[in-house]
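A.B. asks: This is what each chain is made of:
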Amino acid sequence: DAKTTQPPSMDCAEGRAANLPCNHSTISGNEYVYWYRQIHSQGPQYIIHGLKNNETNEMASLIITEDRKSSTLILPHATLRDTAVYYCIVSGKNNNAGNMLTFGGGTRLMVKP
Amino acid sequence: ETGVTQTPRHLVMGMTNKKSLKCEQHLGHNAMYWYKQSAKKPLELMFVYNFKEQTENNSVPSRFSPECPNSSHLFLHLHTLQPEDSALYLCASSQDWGRGYEQYFGPGTRLTVT
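Listed in order, the protein sequences are those of chains Z and G.
Mapping of the first sequence onto my numbering: position 90 corresponds to residue 90, and the numbering continues sequentially without gaps.
Mapping of the second sequence onto my numbering: position 114 corresponds to residue 114, and the numbering continues sequentially without gaps.
For reference, chain G alone in the conformation it holds in the complex (with noise of 0.2 Å):
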């Protein structure tokens, strides 16, 4: 347990479909952050936020939508995906933004688009 929960564990989705991942840290930390990985691809950094102002966008597209309504939750809204979508989606926090400090991970969503 790293005190990153994420929800639901497994997701599949049609290419019309409206859904949102949800991440919580109890960890009292300030940043929190989306990852993207792809079968047999590393890990790519998505969106960051910082006391909950996004503060990274990696170039994302508008199908991917995130919120983070405080600094303990964060959502990634989901619509009209693709079937190249189908990845594992994980959340991170660390205590915050700057250099040094360490993130930790929840478990991920495992997204399946169909």
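In isolation and in its complexed conformation, chain Z is listed as follows (with noise of 0.2 Å):
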């Protein structure tokens, strides 16, 4: 699966839109762009994923260039609780190697008061 480049730590403000950028420059043409996020000591918590069309739900939106070689994970609105580390995994090569995610080391989102 291709590799991703993440920030190691962010900050944001309270109540501000936190955009967390992810690079996968290597990504071939089956592979899901996924994001999860991890709060202390906790198992990891499933946000978004997406192909190639830019995709929203509940909790955030993802952001896909046009060449896929890049995206972007936006939290609308961000509140203490979103304070986490964020994975961004590209996975699914071939359908072969399923669904494994090989996580790295994420970004820190610290967000303040």
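In short, the hints are calculated from the structure, not lab data.
Be careful, since some hints might not be right.
With beta-carbon atoms standing in for the labels, derived distance ranges [to be verified]: (1) G:Asn57 / Z:Ser25: 42 to 52 Å; (2) G:Gly3 / Z:Thr102: 45 to 55 Å; (3) Z:Glu58 / G:Ala39: 30 to 40 Å; (4) Z:Thr26 / G:Leu27: 31 to 41 Å.
Quick caveat, the model's predicted, so the values are computed rather than measured.
Ideal Cβ positions, reconstructed from N, Cα and C, are used throughout, including at glycine.
Could you fit the two chains together into a complex? Lean on the hints.
C.D. replies: This is the structure:
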């Protein structure tokens, strides 16, 4: 699966939008972009995923560039409870490899009052 | 609540003990996973089961033995562990093993090997 690059940490003011970038320049045509987050010592939480089109759900929006080499996760109104490590993962190169997730270091988002 | 439960939440065991971790999913999913998260390291995939059949073993030592009696339950049997096996063990499930399905994680079992 393609490798992803994320900034190690970011700050965001409470109530403002948090925009978390991810580079995945070697992504292949079949690979999905997934976002998960992990609050300290808890299990990772699924946020959103997409293939080519932008996606939105009740938690966040995912913006994927037209060439699919990068994406941005947007938390529209960050709260203190959004403080977590956010992981951008590319997976699903072929159906034989299935749904294997390779977690990197992620971005540690700190939401400040 | 993600619909994936794990027991126990905390476990302390000696190197000569035998213990088991249990995972149960209430989502009607067909694929289940075991991950390991050591201190200050990324999550590592250990095993994958799809429709009760093991599809992936990520070079895990034989002192870790998974069991999947049905699509809703997954066990990780532990024996003669080492202190470096102390970690957070996470279970996850997804609708299917194929591409495009998101995984839902349990809260994890914090294991300490003494």
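A.B. asks: Quick check: does the Cβ-Cβ distance between Glu58 of chain Z and Ala39 of chain G fall within 30 to 40 Å?
C.D. replies: Holds - the Cβ-Cβ distance for Glu58 of chain Z and Ala39 of chain G, about 33 Å, lies within 30 to 40 Å.
A.B. asks: Between the beta carbons of Thr26 of chain Z and Leu27 of chain G, is the distance compatible with 31 to 41 Å?
C.D. replies: 32 Å, holds
A.B. asks: Using the C-beta atoms of Asn57 of chain G and Ser25 of chain Z, is the stated range 42 to 52 Å upheld?
C.D. replies: 31 Å, violated
A.B. asks: Has the hinted range 45 to 55 Å been met by the Cβ atoms of Gly3 of chain G and Thr102 of chain Z?
C.D. replies: The hinted range 45 to 55 Å is violated for Gly3 of chain G and Thr102 of chain Z, with Cβ atoms some 24 Å apart.
In summary, the structure is inconsistent with hints 1 and 2 from the numbered list given earlier, while agreeing with the others.
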